[in-house]
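The chain contents come next:
There are 4 protein chains.
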Amino acid sequence: MVNKGAKPGSATRRPTVEALEVLLQEPIKVLDHGFIRVVDYMGDDKAIVDAARVSYGRGTKTASEDRALIHYLMRHHHTTPFEMAEIKFHIKLPIFVARQWIRHRTASVNEYSARYSILDKEFYLPTEDQLASQSDENRQGRGKTLSSTESAQVLGILRQDAERNYEHYEWMLNADSKDGNRAGIARELARINLTLNTYTQWYWKIDLHNLLHFLRLRVDRHAQSEIRQYARQMLTVVQAWVPQTYEAFVEHRLEAINLSRTATSVVRRMIKGEQVTQSNSGLSKREWLDLLAGLAIAPEDDR
Amino acid sequence: MVNKGAKPGSATRRPTVEALEVLLQEPIKVLDHGFIRVVDYMGDDKAIVDAARVSYGRGTKTASEDRALIHYLMRHHHTTPFEMAEIKFHIKLPIFVARQWIRHRTASVNEYSARYSILDKEFYLPTEDQLASQSDENRQGRGKTLSSTESAQVLGILRQDAERNYEHYEWMLNADSKDGNRAGIARELARINLTLNTYTQWYWKIDLHNLLHFLRLRVDRHAQSEIRQYARQMLTVVQAWVPQTYEAFVEHRLEAINLSRTATSVVRRMIKGEQVTQSNSGLSKREWLDLLAGLAIAPEDDR
Amino acid sequence: MVNKGAKPGSATRRPTVEALEVLLQEPIKVLDHGFIRVVDYMGDDKAIVDAARVSYGRGTKTASEDRALIHYLMRHHHTTPFEMAEIKFHIKLPIFVARQWIRHRTASVNEYSARYSILDKEFYLPTEDQLASQSDENRQGRGKTLSSTESAQVLGILRQDAERNYEHYEWMLNADSKDGNRAGIARELARINLTLNTYTQWYWKIDLHNLLHFLRLRVDRHAQSEIRQYARQMLTVVQAWVPQTYEAFVEHRLEAINLSRTATSVVRRMIKGEQVTQSNSGLSKREWLDLLAGLAIAPEDDR
Amino acid sequence: MVNKGAKPGSATRRPTVEALEVLLQEPIKVLDHGFIRVVDYMGDDKAIVDAARVSYGRGTKTASEDRALIHYLMRHHHTTPFEMAEIKFHIKLPIFVARQWIRHRTASVNEYSARYSILDKEFYLPTEDQLASQSDENRQGRGKTLSSTESAQVLGILRQDAERNYEHYEWMLNADSKDGNRAGIARELARINLTLNTYTQWYWKIDLHNLLHFLRLRVDRHAQSEIRQYARQMLTVVQAWVPQTYEAFVEHRLEAINLSRTATSVVRRMIKGEQVTQSNSGLSKREWLDLLAGLAIAPEDDR
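Protein chains in written order, with our numbering: chain A, 454 to 756; chain B, 454 to 756; chain C, 454 to 756; chain D, 454 to 756.
No lab work stands behind these hints, which were simulated from the structure alone.
Keep in mind that this is a model prediction, so the values were computed, not measured.
Each hint should be verified, as a subset may be incorrect.
A pair holds if it fits inside one copy or across any two, identical chains being indistinguishable in the list.
As the list claims (entries may be wrong) - Listed next, the in silico DSS-like pairs over lysine-lysine satisfying Cα-Cα at most 30 Å (straight line):
#1 K738 x K725
#2 K738 x K499
#3 K574 x K482
#4 K499 x K574
#5 K631 x K597
#6 K499 x K631
So that you can see chain A by itself, here it is in the shape it has in the complex (with noise of 0.2 Å):
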């Protein structure tokens, strides 16, 4: 990535990673007009283990290396070290994903303000593969791609709808007194007339520790897929910048699996070589299927 922008760097003492410096600054796009931007950020995977280290005291003489000890730390939920750095985003997104983010509270955030300012005329429009059916078995999920045909036609009513709607708003609030006989009305009135999918930008500022529990919710497949797209993208960032934390978030997070006790049970009777079929094992369908499925057999054995 070539880095246009870069000012000449300042002088500093605090821990640097020269991995997300090249990042700074730097929109990485997302979806059709959306980006995350990297502002600022605090601290490193050596500022992480340093304040673990605090509470060892004399201790530290004997401590195991730094990557042990970040292991260490994920796998027995000791959260406050994470919560030790810090990143700040500049980020640009629809609406409708813009709701679904702000329901994690452990953020600061200052969004584009509609009220103020008038927003951009500039709306997501899902790409072909994306347009899909209500799944059958998931409520809040989507099933097979749509025919050509029907692509086209749902992509034609979001194009219009978003235009047409963004238009009136444009001349209900007569910036420019186009209309002389016109008072037009106020910028906080007028955006109600906007749909959804219209994008806003906010700065969002986060700690380490929160910024994987958010992920770890939005890289997860019952995701919406949009929001999904952006959580990918600021995987890799986490992966440039805290490198040893985010191996340890992949082993023992992302792609780690919850044993319930019965599930648990489960296993213990399959390690024995007993043949666990769902009806005699005590899990709902689901559970099983689930179950089967982070343990990598095929469903159709039905062992």
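Given chain A, put chains B, C and D in place with the hints provided.
The following block gives chains B, C and D in isolation, referenced to the frame of chain A:
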């Protein structure tokens, strides 16, 4: 208020507030289709006093009576006793109001999910007296009310755009497979076509301290008119629930004024009988006018 | 439990839990002088379900029954419905326990103030079976119980030091001006002479989601024995209050195990009948032993 | 301040504050053995302005200059931009101060663990000018300084009790197995014998908005003298770090006064030249004296 839906009450040994029991479960109308409805509560004025008195231990023998103590707590920003009371609302509100509301992070929320379910065909349309032009002085406010001609035009647009977009939403969902040749698209996608004045609803639970903070900001004249209408109704609920706290809140917050260091010195000079003007006050124009307003001095005096 | 202090109940239309009403206000003894006491509560299992169902809107027609829904919410980490129930305790506890407890930031607290009031002459002294040497394996735990001689010595020291320091506290306060020649010192200063096993007390209010998180960490065998004794009593309160949530909590949290990516692949190999040893597992010694313990496999097998 | 430990700086494209770089890592002494030490920071005055201006979008063209904007934000309680700057301290402090400090929940903390490690033999002993009797007017404050005889007695007690309890702590630990006949007890148990003036230490990370809130409460004359000494040193750090924010904080918070509804009407009457007395003011004695103090009017006037 006739309490039609009243179930026969259960017996409880918890603090109970009769004036709030009467309001329980009853929707209080706000805007054209919105409401607030108290679903549950915990604590009363006495519970706040009890929590505060834990601090005093043996000292309670000589403690002043409840009302004075609540005033003392409010005046000295002792916030934790007010966290000891809690309330839960069911609220129906337009999405653009929900977006302002959710910025208050110290509450618990369960919102209607447009990924799981289909939104109702209900959208906020301002009354004519709410339709006003952009304010000249206030970059985020409203100025003069529109002419009736322009009002009618604006309302026509808002209604038609919201209705058309909703009809397209239904068409894209094809929920009842009216058109057997189309798969329809997932709910989570179709809803991006809806306008920001579409109604949503949620359960919202918050402690009294944070509720008062919310109300202080949202009954303020700088808040958008629509959210103020919700805040004003909630204020009447607070008055019924914790009347002593309500009184202290009005005295020390809602109708109190904050004098900056410079404004304090202006007031000192005024009390000594000095003729202070904006130019010799050390205050900006805006601060000067706010001070005069706070002191109910007509600015034309320009004392 | 005889409910001596019971006032005749008030009538309420709020959700009421009989099994918890019985416990209301009654101190449940913990350690030598401590207790927990439920002061108030809000919500029940049904309130959690109601909040979750706001999300489903029209979809509720086909919704599964309450118990299944609560399991589903717990399993899929849908935390906000569990925030909709709230509980308030009055707790008496030693200061060193209070210092661990307060690290949980998502609660409201009003603590007895040793600046305002004089602390009681009460301090925690461990029972003999609690007096143990430093663990060899666990840097933050206990190992073998002391000999009765050493126990007696230790208890003697703890008692004498706490008593002497308390007597000096009283002397420095000179609260009743026993010695007319001395002014005595301020309470906020005198208390710095007290030992960390002195008892304090507070009101502590928390929502159910955060309470379960607290309990998960504090009933854990890595938590210090003294705080675990409080946590275990609170767990019985949760069971009385929200029995369905309690059951789901045990199933999906308390008795569940987390399999890391590597541990999951070990389990897959075991199920296929492969003989896995620590050395070919990819796990550290500690992780390997924890996995065997989780699966109830004796380590001596070293399969 | 000579920056002995300075490593040669890394290059960074992040906002950098020279006046704070100089302070980085250097302990600033507080009390007899305590210190604060800035470990890391993120953002500066400009970062606050940038975050605020996200809201203005296109409107930034005519936006007022930075200093005026920061004053505006502070005056109107726009708190989120101040959350965009972050600072991390390493702090050494007595346990009784730590207990007051930790009540501020909006920070991240990693504390030295007396379960893992052995605490140092360091405890806070007040200087003679800090040793004062209980205040007569203020139930939580200090009155007159002690006589030198009584001071010497009190300091003797504090020193002897802390030392004896520490020596018993060491004896009970038997950490180096000086006495081969004893097992010693676990660190987590032995420490309960220590006094509340024993020093602990932690990493403490907080955003600027919440830091200012902490400082406002903790430099206040109602705060205990010991924590005020920490707060005052932190205030000088804030001044070096974000000088414009510091100035606005002093103007609109630290040296501002809050006039209740009733106090406002008293001020109005005073400005009109009316002779107001406590008895006709509608204020309590305490409120009346606070108002006079705020307006720098001698109470003997009793105007």
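Against the structure, the hints:
1. For a Cα distance limit of 30 Å, the shortest separation of K738 from K725 qualifies both inside one copy, at 22 Å, and across copies, at 23 Å.
2. Within a single copy, K738 and K499 get their C-alpha atoms only as close as 45 Å, which misses the 30 Å cut-off; across copies the closest is 25 Å, which meets it.
3. With identical chains, the CA atoms of K574 and K482 are at most 30 Å apart within one copy only, with a shortest distance of 18 Å there and 35 Å across copies.
4. In this assembly of identical chains, the alpha carbons of K499 and K574 lie at most 30 Å apart only when taken from different copies (29 Å versus 44 Å within one copy).
5. Within a single copy, K631 and K597 get their C-alpha atoms only as close as 47 Å, which misses the 30 Å cut-off; across copies the closest is 18 Å, which meets it.
6. In this homomeric assembly, K499 and K631 never come within 30 Å of each other (Cα to Cα): the closest approach is 59 Å inside a single copy and 37 Å across copies.
Violation of the numbered hints given earlier is confined to hint 6; every other hint is satisfied by the structure.
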